[in-house]
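Each chain, written out:
There are 2 protein chains.
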Amino acid sequence: MTDRDDGPSFSFVSEPEDTRERIMQATFETVQAHGFAGLSIGRIADRADLSKSSVYHFYDDKDDLLLAFLDAMLAQFGGPLADADFDDPETELWTLVDFGLYGTTGEQFPPVDGVGDVNGRPYVELRSQATHDDEYRDRFTDIDASMHERLATVIDRGIDDGVFRPVDPDRTAQFLLTVLLGGLFRRATSDGLDADAVRSELEAVVDDRLLPA
Amino acid sequence: MTDRDDGPSFSFVSEPEDTRERIMQATFETVQAHGFAGLSIGRIADRADLSKSSVYHFYDDKDDLLLAFLDAMLAQFGGPLADADFDDPETELWTLVDFGLYGTTGEQFPPVDGVGDVNGRPYVELRSQATHDDEYRDRFTDIDASMHERLATVIDRGIDDGVFRPVDPDRTAQFLLTVLLGGLFRRATSDGLDADAVRSELEAVVDDRLLPA
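Protein sequences, first through last, are from chains L and S. This note's numbering puts the first residue of the first sequence at 1, with every later residue one more than the last. This note's numbering puts the first residue of the second sequence at 1, with every later residue one more than the last.
Note that these hints are calculated values from the structure, not bench results. Glycine residues also receive a C-beta, built at the ideal position from the N, C-alpha and C atoms. Treat the hints with caution; some may be incorrect.
[Stated by the list, open to error] To give an idea of the interface, some chain L residues facing chain S are shown, with a C-beta separation under 8 Å as derived from the structure:
(1) F36
(2) H132
(3) Q174
(4) V198
[To be verified] Simulated coverage check for chain L against chain S, where a stretch passes if three residues somewhere in it have a Cβ under 8 Å from a Cβ of chain S:
(5) 83-94
(6) 124-130
(7) 152-161
Full structure from sequences and hints, please.
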């Protein structure tokens, strides 16, 4: 089996500003190249060009480092999008969906400051730990809940503004979140996703069900 | 972090019939309990109550064993469903979708022989290897293509039979596959999926777009 190290690159930070950031960046690159099973403090230290003891200065053990990494990743995924201001609910909704389907905020809508292309592979690799580790599972349950809440709030605001029909915001948000994460999962683990086909079908669904006749 | 070993159980085979099957079953249980990062020939041998050399008698190394395991899993996922006969395209379509959303063939439709509850966790754990390993990525790309083909064929047959509208089968299949895998991914990695909400939204979408007015 060969390691895959040629995916689109992605940085947590434009330039690692301090040692902690260097370690987080090195962890990201190590997950991307070797997967979770190939992670070790030694490999991360090598990639960060640090000694193992420098890494242990900041993190007690591998678990401690990985939970810090998980938090950094989730902040990267959710942070700039959480702070972004959107002109209207429809733009906001598609920006969130395109984040999953394409890993970008889409060509159709202006990019959100601080959110570039997101390579979903390390996200999926991390998230797969939740299949057998309760601590990860609880975190991703919280993350999904906050993403669901975000989508439901957008839909709710759209209904208030009269741009969306009076649908059930929770049900619609559950559905959109499943499509969004399905796109991200497929994109990260196979070459078969036709994101344009999924998006155009979803546009038709939104036209039929969410937008006023 | 704690291992999660309390998920719904699932057997490849009702009773391991020979040593290979015992090894595959032990591999399944080890992935479920410890994840991919916790897999070792020693751990698998212990769980199968075999010596390590017995395992090496059948498989050259861990990679060889894991690729055999991948094939066994994919046969388990796809096999019985591939052979099943369905009375009508709509039943077949929902059976495939419910497989992802619920891990079962659903209460609403008769169970398919040989397909019971499927715990998606080891599937997601295996599939996450495709984020950094081309051999896994190629296999899951093939798997998705065959699942897509299956869905498109069902839709096509439904159109021929006059039970579905003349939609684009490829586009619709891409969309359904993304919902199905999104459900499976969420179910395996968080406690937040409201499968009933997703299904009822999808029923409304199918009503609107696929079924004749």
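How the hints compare with the structure:
Among the interface hints, the one on F36 (chain L) holds; its C-beta lies about 5 Å from the nearest C-beta in chain S, closer than the 8 Å criterion. Hint status for H132 (chain L) relative to chain S: holds, with the closest Cβ pair at about 4 Å, below 8 Å. Interface hint status for Q174 (chain L): upheld, as the beta-carbon distance to the closest one in chain S is roughly 4 Å, under 8 Å. The closest approach between the C-beta of V198 (chain L) and any C-beta of chain S is roughly 5 Å, which is under the 8 Å cut-off, so the hint is satisfied.
Counting residues of the region 83-94 of chain L whose beta-carbon sits less than 8 Å from any beta-carbon of chain S gives 0, not enough to reach three: the coverage restraint is violated. Beta-carbon proximity to chain S at under 8 Å applies to 6 residues in the region 124-130 of chain L; the threshold of 3 is reached and the given coverage holds. With 0 residues carrying a beta carbon less than 8 Å from a beta carbon of chain S, the region 152-161 of chain L misses the three-residue requirement, and the given coverage is violated.
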